[in-house]
Amino acid sequence: MSWSWIPRHLDDIWDLTLSHLWLTLLPTLIGLVIAVPLGTLAAYLPKVKQIIVGGFGMLYTIPSLALFVLLPGIIGTKILDPVNIVVALTIYTVALLVRVIADGLLSVPPVTLQAATGMGLGLRQRFFKVQLPLALPPLISGLRVVVVSNVSIVTVAATIGISQLGSLFTMGFTRRSFIPIVAGLGACLILALVLDLLIATIGRRLTPWVRAAG
Amino acid sequence: MIELQHVTKRYPDGTEAVKDLSFTAPTGQITALVGPSGCGKTTTLRMINRLIEPTEGTILLDGDDVTRQDKVALRRRIGYVIQSAGLMPHKRVLANITTVPRLMGVKKAECEARARELLDLVGLDQSFADRFPAQLSGGQSQRVGVARALAADPPFMLMDEPFSAVDPIVRQQLQQEFLALQKRVAKTIVLVTHDIAEALLLGDQIVVLGQAAAIEQQGTPYELLSNPANEFVSDFLGRSRGYQALGFEQAGDLPLQPGPVVRASDLGRADPRRWTLILDDGGRPAGWQRGTEHRAAIAAIRFPAESLRVCLDSALAGPSGLGVAVDADGVFRGTFRLGDVLAQAAFDSQPWEGPQ
Chain A
1 MSWSWIPRHL DDIWDLTLSH LWLTLLPTLI GLVIAVPLGT LAAYLPKVKQ IIVGGFGMLY
61 TIPSLALFVL LPGIIGTKIL DPVNIVVALT IYTVALLVRV IADGLLSVPP VTLQAATGMG
121 LGLRQRFFKV QLPLALPPLI SGLRVVVVSN VSIVTVAATI GISQLGSLFT MGFTRRSFIP
181 IVAGLGACLI LALVLDLLIA TIGRRLTPWV RAAG
Chain B
1 MIELQHVTKR YPDGTEAVKD LSFTAPTGQI TALVGPSGCG KTTTLRMINR LIEPTEGTIL
61 LDGDDVTRQD KVALRRRIGY VIQSAGLMPH KRVLANITTV PRLMGVKKAE CEARARELLD
121 LVGLDQSFAD RFPAQLSGGQ SQRVGVARAL AADPPFMLMD EPFSAVDPIV RQQLQQEFLA
181 LQKRVAKTIV LVTHDIAEAL LLGDQIVVLG QAAAIEQQGT PYELLSNPAN EFVSDFLGRS
241 RGYQALGFEQ AGDLPLQPGP VVRASDLGRA DPRRWTLILD DGGRPAGWQR GTEHRAAIAA
301 IRFPAESLRV CLDSALAGPS GLGVAVDADG VFRGTFRLGD VLAQAAFDSQ PWEGPQ
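Read top to bottom, the protein sequences are chains A and B. Residue numbers for the first sequence follow my numbering, beginning at 1 and rising by one. Residue numbers for the second sequence follow my numbering, beginning at 1 and rising by one.
Please note: incorrect hints may appear among the correct ones.
When the alpha-carbon atoms are kept at most 27 Å apart in a straight line, the in silico BS3-like pairs for lysine-lysine are as follows [stated by the list, open to error]:
1) Lys-107/B <-> Lys-129/A
2) Lys-71/B <-> Lys-107/B
3) Lys-108/B <-> Lys-129/A
4) Lys-107/B <-> Lys-91/B
5) Lys-129/A <-> Lys-71/B
Please keep in mind that the hints were generated in silico from the structure rather than gathered at the bench.
Let's have the full structure, built from the sequences with the hints guiding it.
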């Protein structure tokens with residue numbers, strides 16, 4: 001296999017990149033949607049926080065491959081179903097974000113919250129207009145870590161036959177060539193960088209006060 | 001009018017932060033609650049807007065019991081200014097100011113026009129409108145805090161140590177400007193401070209609180225200074241209360257004398273052995289001169305003077321015990337003697353002739 005293999009297979013690499021993107025973004029988004037209410041609950045109820053953060057912390061220690069293999073038995077999916085990947089990565093995402101969100105909400109200065117209440121903001125208004133926006137900067141940092149980490153974990157799914165950029169690694173292994181591996185690695189790297197940059201840019205747009213303070 | 005009737009705040013462990021407190025904050029006036037830290041003054045303030053619920057007693061706003069009102073609606077009728085302003089860090093100045101009116105459904109354009117007026121009112125340039133709180137100095141933040149409290153034009157205002165987080169020079173400026181502002185808006189204000197000087201300056205009425213918000217004395221600044229009810233109050237007023245009381249004494253017919261004064265162009269005609277006031281071409285005091293000695297600083301006061309204290313200060317600040325009086329345009333009107341100021345301050349004191 002020669003280097004010309006890469007330009008000849010650009011279409012295939014692009015397809016794999018798209019499924020990789022899909023397998024990364026979907027659990028990240030679902031995880032975010034789940035983590036926000038859970039993190040909020042954890043922030044307001046310290047006992048629940050221990051359970052939620054502790055519980056998800058333990059789930060996070062389960063190796064991804066083990067989780068991919070175990071999940072079908074637990075949720076009744078087929079072993080080759082991409083849903084397994086989505087569910088596993090969603091768990092990792094929630095595990096990372098729930099703590100970030102709880103800590104972020106708790107880091108809002110009490111004096112700011114009290115001022116908001118004293119001015120006449122109701123509890124819900126205070127949460128959505130003051131507390132949640134002020135927790136955005138740590139949340140965005142957390143999201144950047146999560147998305148990059150998810151890009152990397154998705155590759156492991158190749159070992160159970162779900163095609164994405166990780167499939168290039170297994171291909172390189174079976175054909176004893178490092179060329180597909182280099183291609184997969186490069187594509188993963190670019191994908192991670194692009195997603196990280198995208199979230200950072202959106203984050204900057206959403207939190208203009210952070211730069212003003214700098 | 002804000003009325004507190006037998007208000008008590010008792011915590012579950014039995015400690016009483018406020019015990020059976022009653023006072024009335026009259027409409028359109030500033031009532032200053034002053035006392036040492038931990039005396040329950042902030043607790044008292046927060047019971048008025050129900051950030052803390054009273055255990056016993058009644059609090060009435062213009063006759064309406066606060067506990068019978070929706071908390072959120074109640075708070076929107078009460079401007080709230082706190083130490084360090086408590087601005088929303090993620091919102092620009094204009095958005096901070098318009099928060100409450102926006103929540104109350106006032107149109108955005110209308111809110112912003114009003115907010116820009118408020119910026120003028122609190123002495124901030126329009127260029128601050130788009131800044132974030134992190135880009136403001138302490139004094140500027142506090143001005144925005146006051147503007148924000150006024151945004152929904154509430155009849156009442158609660159102020160908790162509003163000027164204590166800024167340096168003394170800015171504080172003095174903010175206090176003076178706030179007094180001028182209050183003359184225009186005439187809100188019913190309860191202000192909490194640990195700084196007796198602030199209470200004396202801002203309060204129409206002062207309530208001095210001791211432990212568990214027990215009232216040690218209630219009265220006008222002059223009443224407190226001239227007749228402190230007990231040792232607690234006189235200790236709290238501090239050592240210069242006699243001097244401060246002069247700030248509330250009217251300067252009556254202080255006799256003015258037309259000299260010693262000389263035009264800058266006639267400097268040669270000044271007596272080299274005594275301090276002479278030099279006037280510039282416009283007739284404004286420009287300094288004191290004695291022979292080759294010169295003092296540029298003049299503690300001139302507008303005449304008629306606002307109080308005996310400023311007269312006393314002017315006379316003491318001059319090199320020869322003479323105070324300088326000017327008119328509204330700063331033009332020299334005359335000098336007055338330290339002795340005459342003291343004579344006015346001496347009330348009816350007479351020399352003691354010994355035991356009869």
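> Which of the listed hints are broken here?
Replying inline: Violated: none.
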